[in-house]
Amino acid sequence: MKFTEDHEWLQVDGDLVVVGITEHASTSLGDVVFVELPEVGTKVAKGDEIVVIESVKAASDIVAPVDGEIVEVNEAIVDEPGKVNEDPLGEAWFFKMKIDDVAVLDDFMTEDEYKAMVE
Amino acid sequence: MSDLISLPLDALHRELGGKMVPFAGYDMPVQYPAGVMKEHLHTRAHAGLFDVSHMGQVILRAADFETAALALEKLVPVNVAGLAENRQRYGFFTNDEGGILDDLMFANRGDHIFMVVNAACKDADIAHLRAGLPSDVTLEVIADRALLALQGPEAEAVLAALNPAVAEMKFMDVATVELAGAECWVSRSGYTGEDGYEISVPVAAAEALARALLADDRVMPIGLGARDSLRLEGGLCLYGHDIDTTTSPVEAGLNWAIQKVRRSGGAREGGFPGADHILSELHNGAERARVGLKPQGRAPMREGVELFAGEEKETPIGTITSGGFGPSVEGPVAMGYVPIDLAAPGTVIYGEVRGKRLPVEVVSLPFVPARFKR
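Residue numbers (the UniProt record's numbering), protein chains in the order written: chain A, 1 to 119; chain B, 1 to 374.
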């Protein structure tokens, strides 16, 4: 698993990547009450704000970690936003994307590096 | 930047894992480890303990209650002199334009008036009182007492375990009661829509009282986050958001707090700042009204969201003044001002969120029925 400075985790499988948010991010957000996901087929560029998360406290965005195309989204977290707090690293993944250039994945942090950043 | 003021129970909040944030100049717990959602639901189901020591506690004294009451009536459009002993009432200071300077609670304590005002307005309120009260009324700012609120359906059972006398109190009754060894000024009131108590306790005894309450399994500490969602579901105004100097009491739907005796034809009609404007609005109606707003989708609509009469209309008709997620409603809830012809429950208007017009239904307040012990 790879981690971004925006508190996202990436599970890489070839040129497919599953994206979610870290435990640290879900705890800081507080109880999540609303999630809006991008449409499947959307071409996104790194840094695009593609997901809206609203918690009891505030609204925030999730950005596309890399350039690519959205190939699947997790409707279960739209129906039950609370899953983002319950299981952020598992059941509550946000979207899957096909990445344009797998080489960019080398730039992301390992779990240990991410843990060092948030500590 | 000015330094934040610590609450008397600061160390206890930190020990309980409170996440501290700046609020009205105070360093306050916005939530504890349970989180806003659980704290909110616990308060509606059991009992929640809130530290509201940031609020201002003020005493007005004169030769007798009536002298102080009639002096205060010059600043509020409310029947103060007619308030029975050991009863509390809601009111607000108005300005010359008929806007609201602050809202407050005041009680008849026999030989004096006890008032609680908002933290953010405290200094301005005290200056306003000093300027507006005659010299035979003295004002004392109470700085050596904390203020706790215990709210929820089990608040009575919890507090009665410390002193059974509190069970006899009805909504808006006030009494001096010994709790955990300290002389407390207790009112049966709160700002969550639930039954409960507000307790003014000497600072030196506040921690012992808070710990005694928290020792009861039915009680959970509650932060500002849930305090806000509870009062929003309760349809209660937050000063500086839902009411301010640009909103009149009539627009805000606070007519019920202006008793007949202060209205046109009443024995003590008018005589408060902005009386012409407010009395005329009471008679003729206001042009806009504060309403409950229920977004039809799931997206919360927060303060500042502009409201539109239609999906294509260009000019906003109003703004959301408070909004968020209502844990008991299990969906988004909001309040805001709309023109009077769009204020009827059932009217569908639109709020603009992230560039999209989303439907919102005008609904009656509160979102969750009040459960006061009348």
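Incorrect hints may appear among the rest.
Simulated pairs of lysine-lysine, DSSO-like, Cα-Cα distance not exceeding 27 Å [as the list claims (entries may be wrong)]:
hint, chain 1, residue 1, chain 2, residue 2
1, B, K19, A, K83
2, B, K170, A, K43
3, A, K98, A, K43
4, A, K83, B, K373
5, A, K2, A, K46
6, B, K260, B, K373
7, B, K260, A, K115
8, A, K115, A, K43
9, B, K294, A, K83
10, B, K170, B, K313
11, A, K83, A, K98
12, B, K170, A, K83
13, A, K46, B, K356
14, A, K2, A, K43
15, A, K96, B, K38
Keep in mind that the hints were calculated from the coordinates and are not lab data.
Broken hints, by number: 2, 4, 7, 8, 10, 12, 15
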